[in-house]
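K.L.:
Protein chains in written order, with full-length UniProt numbering: chain Z, 1 to 310; chain W, 1 to 310; chain H, 1 to 310; chain C, 1 to 310.
A portion of the hints provided could be inaccurate.
Remember, identical chains collapse to one label, so a pair may be satisfied in a single copy or spanning two.
[As the list claims (entries may be wrong)] Think about it this way: if two alpha-carbon atoms lie no more than 20 Å apart in a straight line, the pair counts; the simulated PhoX-like pairs of lysine-lysine are:
| hint | residue 1 | residue 2 |
| --- | --- | --- |
| 1 | Lys-230 | Lys-188 |
| 2 | Lys-40 | Lys-21 |
| 3 | Lys-212 | Lys-168 |
| 4 | Lys-87 | Lys-146 |
| 5 | Lys-230 | Lys-300 |
| 6 | Lys-300 | Lys-239 |
| 7 | Lys-212 | Lys-21 |
| 8 | Lys-146 | Lys-239 |
| 9 | Lys-146 | Lys-230 |
| 10 | Lys-40 | Lys-168 |
| 11 | Lys-237 | Lys-146 |
| 12 | Lys-212 | Lys-40 |
| 13 | Lys-237 | Lys-212 |
| 14 | Lys-188 | Lys-108 |
| 15 | Lys-300 | Lys-237 |
| 16 | Lys-237 | Lys-168 |
| 17 | Lys-146 | Lys-168 |
| 18 | Lys-146 | Lys-108 |
| 19 | Lys-146 | Lys-212 |
| 20 | Lys-146 | Lys-21 |
| 21 | Lys-108 | Lys-21 |
Rather than coming from a laboratory, the hints here were simulated on the basis of the structure.
There are 4 protein chains.
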Amino acid sequence: MALTGVLRPGHVVLRVMDLDKAVAHYTDALGLIEVARDDKGRVFFKAWDEADHHSVVLRQADEAGMDYMGWKVDSAATLERLAGDVKNSGLVTDTSWIAAGEHPHTGKRFRFTIPTGHVMELYAQKDATGCSTGYLNPEPWPDGLKGMAPSRFDHCLLYGDDLDGTVKLFTEVLGFGLAEEVVAGPEKFRIAAFLSCSNKVHDVAFIRQPMKNKFHHASFLLDNWYEVLKAADIISKRKISIDLGPTRHGITRGETIYFFDPSGNRNEVFAGGYIYYPDKPTVTWTDDQLGPAIFYHDRKLNEAFLSVVT
Amino acid sequence: MALTGVLRPGHVVLRVMDLDKAVAHYTDALGLIEVARDDKGRVFFKAWDEADHHSVVLRQADEAGMDYMGWKVDSAATLERLAGDVKNSGLVTDTSWIAAGEHPHTGKRFRFTIPTGHVMELYAQKDATGCSTGYLNPEPWPDGLKGMAPSRFDHCLLYGDDLDGTVKLFTEVLGFGLAEEVVAGPEKFRIAAFLSCSNKVHDVAFIRQPMKNKFHHASFLLDNWYEVLKAADIISKRKISIDLGPTRHGITRGETIYFFDPSGNRNEVFAGGYIYYPDKPTVTWTDDQLGPAIFYHDRKLNEAFLSVVT
Amino acid sequence: MALTGVLRPGHVVLRVMDLDKAVAHYTDALGLIEVARDDKGRVFFKAWDEADHHSVVLRQADEAGMDYMGWKVDSAATLERLAGDVKNSGLVTDTSWIAAGEHPHTGKRFRFTIPTGHVMELYAQKDATGCSTGYLNPEPWPDGLKGMAPSRFDHCLLYGDDLDGTVKLFTEVLGFGLAEEVVAGPEKFRIAAFLSCSNKVHDVAFIRQPMKNKFHHASFLLDNWYEVLKAADIISKRKISIDLGPTRHGITRGETIYFFDPSGNRNEVFAGGYIYYPDKPTVTWTDDQLGPAIFYHDRKLNEAFLSVVT
Amino acid sequence: MALTGVLRPGHVVLRVMDLDKAVAHYTDALGLIEVARDDKGRVFFKAWDEADHHSVVLRQADEAGMDYMGWKVDSAATLERLAGDVKNSGLVTDTSWIAAGEHPHTGKRFRFTIPTGHVMELYAQKDATGCSTGYLNPEPWPDGLKGMAPSRFDHCLLYGDDLDGTVKLFTEVLGFGLAEEVVAGPEKFRIAAFLSCSNKVHDVAFIRQPMKNKFHHASFLLDNWYEVLKAADIISKRKISIDLGPTRHGITRGETIYFFDPSGNRNEVFAGGYIYYPDKPTVTWTDDQLGPAIFYHDRKLNEAFLSVVT
């Protein structure tokens, strides 16, 4: 078998403070497609090229942030095995099983809290309700796209305290590779880790920081640098709060722009990067090069990028 | 574990009729980097973003074509296991072990002939001599690139007779997914298969055709549609024989151009496509849509694309 | 004064055989904006970045082709002067004045037939009803664009017999520069002329050919090579008859694609090119290089491009 | 005649404090081509697509800044006429004639100081030594380009006090159009003017500011947004001081990046914009929209952009 175990980040659940404004942002500006609402008031979205039923979920709350990320695994057997491995790893807390159907079109999920304080889930089943172009003689892109129109939900960047524990969990228990890292000082103390369960440069990334369970951004995939420009234009046309960009990351080489949803949750749309393999040497950035590592062109960090999290 | 088993096409060995002209083509026009020559006269190349020692090998011969493709697997244990599985599959012939070092910087390889007549190899070890930008605070691209400058060797498209046997071998024994296929007639007889062992849309593809062991093209990865234009310009500036492009494939959505090396082996450089997952529904093309499936804009095949193979 | 005399091709009037299909093509596929219809049944369009009231006019007729092109000049005085110069040049026939208002929002036009048999007009006034983004703190592009969404009508390419007479008229009487030309044989017999009244590489072009008054294509301006790809995709999605592309012209360096409206009139959308100046040396192409001159990548002409005109 | 009078900015002469470092910057990083040095130690450059002998001149000096800009006019007769008009305008000071040959391959120049304190020249003759691709069956781009490799010197942005006088001179005497402007307050006091003598969005621009004769930047033309990214990457790879970008201007719609030469003179490379005509309505920006007018995505000015001039 080639791609096995954990396949991808399958959903992210975000808290928003004004659901209507948030829905308008994620549909009209970002360009996701609303696919369902449930009796808890949650709104479910997908990007146009995703097969599974949903990938982004919004929930009305008093403060912004991320409730949890869900990871799709390759089979029910893998779900059982990994749930056991995670539980027995000594690295997680608050494990539980969420019943099938709690997310629409989705099987049971194994939930746990990782050392950085973030809640993660594993699940094996979500109905493949299909992408917008279908699978029979498909066009390369669908008509009627709106806004930035990313093809996929791609990854999250999260801030938390016990980076070492979380990296250990993802690499040793869940089988991720460490694609890139940032290390500080002569002891090469790791302060950031970019983790991949695939050929993508990152499926999730973590930055070391004193507080548990902070959310930096959810990222969505564009095709190319021109789409990053179009996204930047949309940000200005719609008076969306921008963080930084268009620019390139040194880390991952991605071409990127950051902005905020109406509740202050940071979004990224990006293109580019490279094909990662588990036998590729890890790319290491030293903290004296943190500027170009993060924002390759400015070669310095903006204050908001480091400090604003939800 | 996430990406396991067969990781990627690790090398392709091509026969060329004038080695000097071929080396000039693959370095100056295509833009690969020559990394070694051996006492058999073989010349070894890599693309600038590849970690392993080599990916393309040229051999002087009386006629053009492909000697074999080699596939890197994730470990020595996997190599032993898959070699056994392949041998016992009843699907291959002419199995043998090639000693470590027969390719420079490369461990032992298990060689076999697949139902379509092509020779394939599995291997677990090749020295990671490193990509051109290194792994410590790397720049996004190296100075001194020449020609089209693809970042990677990506895949081959091969023509052969027993398509069903080969697809069975790759999917049932080697763990590949069938990303896309072309079917003919009301019986939906499969005439083409695009196979992935990764998140790439294809790592190898096969077209059904009466003769065994024919080579259609080796393909190399560019970053974007502007690089396809630059490649097209280079083809004209250097009076390289063009096949077709720039255009888009319906299959894979890739943005592409085809041309020939001085011995008549077809090369492709391409960008784009999408992220494949093993749980993604297979895209099916029907033969009445074969035109747009192959060349999405022209919506008809050119004669050379179908008939010229080496 | 800097840009004086003839400013630009201000309108082109095309004959179509099914007006409804044509309107659908020019609005939904090409992406022009319908701005008016008149009591003769003519439909008037503009591109989104044009200030003047209209640039493209469609007229129902029994056969396709071009009725006439209109050229905006810088002032009423220039109109009178150039009308006199043209009339007295001995190069034109069938001169007449068309009354103000015959085109909506347009002043009087001086009409004449040039040596290649095409009907041309000069006019000094057309109401600046404004582009889609306006002129006060404008956004870089408007919302609600459809189809290929060119920013401007750019030029026409016309086929006719007396190329020398037409070039003489445009260069010696109307003040155009000869940006590029194609010459045949050792006598360097001119067979094509690309003429500019501006910094654009061409505002009109002519190919020598036995019949008078033939229309090859009307061309519209895109921003970049990615928009050419999007246009190519739209051509396939909508099953529009394609001529050739995406490719680059050797002549003008433009990035281009050609297709046909439902009546068989050829359209081009293109990007790129260079900044022309009247003191720039004329670029000369010899007929042995006609292939790359026209289609730089294929380096050969397709039959339709040479023979299909309306 | 179509493009008449003042044709274009034909040269800019910059003062640099370390000639060797400056030459390295303008050749290796920016990618101009050195064409001559003279006995005064001046170094002359051109961009690869320029026909005339030179467009950029560097002179060793104790402080950075611009000595003068030179404007090519269409003929010797125009030169005499405009020299007289300028002299008699009451708007300029320090008029003089510079002898032919003082710049290599260049005819006599009429020099004068404009109300904002900048020195300008008009000239009618500079040898067309040719662009890098030639004019007979040319390739679309030459081999051997280095760095950002702009095709042309495009314009300068200058800071000075008497903006009204300078605009009056350029529009009423030299025939320029006012493409875009920024106005402040309810009285719509003009604080910036973007002036065109062509179809380019600007050939020179002025910002009102208390001191005379300040230089903000010299700008060079790239083909597209990907070349802006490549330029941004080169800026980082070479540790060149960056000002801001990649981004889009609201004014002109251009896609842009700013950086500094080793002496602190600001350079811009940009792509995009639109086709300007003298009958196009002037685009007006109000000072409450100055942020997006200058940097469309950030929607606020950086301090350096406003205050750092040479």
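K.L.:
Take the hints in turn and mark each one as holding or not.
P.N.:
Going down the list of hints, with the structure as the test:
1. Lys-230 <-> Lys-188: Neither: 39 Å inside a chain and 31 Å across chains, both beyond 20 Å.
2. Lys-40 <-> Lys-21: within (18 Å within a copy, 48 Å between copies)
3. Lys-212 <-> Lys-168: within (17 Å within a copy, 48 Å between copies)
4. Lys-87 <-> Lys-146: For Lys-87 and Lys-146, the Cα distance exceeds 20 Å both inside one copy (42 Å) and across copies (52 Å).
5. Lys-230 <-> Lys-300: between (24 Å within a copy, 19 Å between copies)
6. Lys-300 <-> Lys-239: Between copies, since 12 Å is at most 20 Å while 25 Å is not.
7. Lys-212 <-> Lys-21: neither (28 Å within a copy, 49 Å between copies)
8. Lys-146 <-> Lys-239: within (16 Å within a copy, 23 Å between copies)
9. Lys-146 <-> Lys-230: Answer is both: 12 Å inside a copy and 15 Å across each meet the 20 Å cutoff.
10. Lys-40 <-> Lys-168: Result: close neither inside a copy nor across copies, 35 Å intra and 46 Å inter.
11. Lys-237 <-> Lys-146: both (14 Å within a copy, 18 Å between copies)
12. Lys-212 <-> Lys-40: neither (27 Å within a copy, 60 Å between copies)
13. Lys-237 <-> Lys-212: neither (35 Å within a copy, 36 Å between copies)
14. Lys-188 <-> Lys-108: Neither: 40 Å inside a chain and 36 Å across chains, both beyond 20 Å.
15. Lys-300 <-> Lys-237: Cα proximity of Lys-300 and Lys-237: across copies only (14 Å, versus 27 Å in one copy).
16. Lys-237 <-> Lys-168: Answer is neither; intra-copy 43 Å and inter-copy 34 Å both fail.
17. Lys-146 <-> Lys-168: neither (40 Å within a copy, 41 Å between copies)
18. Lys-146 <-> Lys-108: Answer is neither: 32 Å inside a copy and 43 Å across each miss the 20 Å cutoff.
19. Lys-146 <-> Lys-212: neither (35 Å within a copy, 47 Å between copies)
20. Lys-146 <-> Lys-21: So Lys-146 and Lys-21 pass the 20 Å test inside one copy only (16 Å; across, 26 Å).
21. Lys-108 <-> Lys-21: Neither. Shortest intra-copy (30 Å) and inter-copy (52 Å) distances fail the 20 Å Cα cut-off.
Hint compliance for this structure: hints 1, 4, 7, 10, 12, 13, 14, 16, 17, 18, 19 and 21 are broken, all remaining hints hold.
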